[in-house]
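Enquirer: Residue numbers (our numbering), protein chains in the order written: chain A, 3 to 114; chain V, 81 to 194.
One or more hints might be untrue.
Claimed, not checked - A few chain A residues that don't get close to chain V, going by computed Cβ distances all over 12 Å:
hint: 1; residue: Arg19
hint: 2; residue: Ile22
hint: 3; residue: Glu60
hint: 4; residue: Ser71
To be verified - Where chain A lies over chain V, by a calculated footprint (3+ residues, C-beta under 8 Å):
hint: 5; segment: 95 to 104
hint: 6; segment: 113 to 123
Derived by calculation from the structure, the hints in this document are not laboratory data. All C-beta atoms, glycine included, are put in the ideal place defined by N, C-alpha and C.
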Amino acid sequence: DQQVKQNSPSLSVQEGRISILNCDYTNSMFDYFLWYKKYPAEGPTFLISISSIKDKNEDGRFTVFLNKSAKHLSLHIVPSQPGDSAVYFCAAQAVGNTPLVFGKGTRLSVIA
Amino acid sequence: DGGITQSPKYLFRKEGQNVTLSCEQNLNHDAMYWYRQDPGQGLRLIYYSQIVNDFQKGDIAEGYSVSREKKESFPLTVTSAQKNPTAFYLCASSSSRGNTYEQYFGPGTRLTVT
Numbered sequence: 003d004q005q006v007k008q009n010s011p012s013l014s015v016q017e018g019r020i021s022i023l024n025c026d027y028t029n030s031m032f033d034y035f036l037w038y039k040k041y042p043a044e045g046p047t048f049l050i051s052i053s054s055i056k057d058k059n060e061d062g063r064f065t066v067f068l069n070k071s072a073k074h075l076s077l078h079i080v081p082s083q084p085g086d087s088a089v090y091f092c093a094a095q096a097v098g099n100t101p102l103v104f105g106k107g108t109r110l111s112v113i114a
Numbered sequence: 081d082g083g084i085t086q087s088p089k090y091l092f093r094k095e096g097q098n099v100t101l102s103c104e105q106n107l108n109h110d111a112m113y114w115y116r117q118d119p120g121q122g123l124r125l126i127y128y129s130q131i132v133n134d135f136q137k138g139d140i141a142e143g144y145s146v147s148r149e150k151k152e153s154f155p156l157t158v159t160s161a162q163k164n165p166t167a168f169y170l171c172a173s174s175s176s177r178g179n180t181y182e183q184y185f186g187p188g189t190r191l192t193v194t
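Here chain A stands alone, though its shape is the one from the complex (with noise of 0.2 Å):
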């Protein structure tokens, strides 16, 4: 049974334009939420994360918003480089140190 989805498993944008990604919680117990990068045969890099405290985290190019009620978060990247051509794993964290649980990946393509 997956705690962590994202239904989209992959996505193309223009070059310049919004790329927004989604990611579904079902385990209300998640309190932490991150996102992660990943480029073939490479280990994930942190990206940016959000607290069940907040509704909005932004750094750079890439704000996270989480919405507890509907237990959705998405990342938004603007504007799209075609550098931002990746995997992008949303994960999520129940309260204390527990191990993360990611979702399958969203493969995002930024066109030129």
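Add chain V to chain A, keeping to what the hints say.
Expert: Leaving out everything else, chain V in the frame of chain A:
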């Protein structure tokens, strides 16, 4: 440079052989993790360890074994009992920062078993 190293980058083995994947970190992190990635499956947790000499099974521990004798090292053995061992294996570590535990990943090892 602080970080997580995994070796080797590519590993080939014959079916029926056990193989050990190395993971070392010099970040002074308490917790370490092993994941496997298969196409379309995301990252699935194999084993994790929150302190030395202790480890816990993850979602897909069958056919794998680990040890945590030192804080810096968390090797993973893929045994012959693992039915589908060919995959990309990722090691990660984490330490507390406030109440959150962001994980940092190594570069991965691609294991191919034929």
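Enquirer: For each hint, tell me whether it holds in the structure or not.
Expert: A quick look at each hint next to the structure:
| no. | hint | result |
| --- | --- | --- |
| 1 | Arg19 | holds, 26 Å |
| 2 | Ile22 | holds, 19 Å |
| 3 | Glu60 | holds, 17 Å |
| 4 | Ser71 | holds, 22 Å |
| 5 | 95 to 104 | violated (count 0) |
| 6 | 113 to 123 | holds (count 6) |
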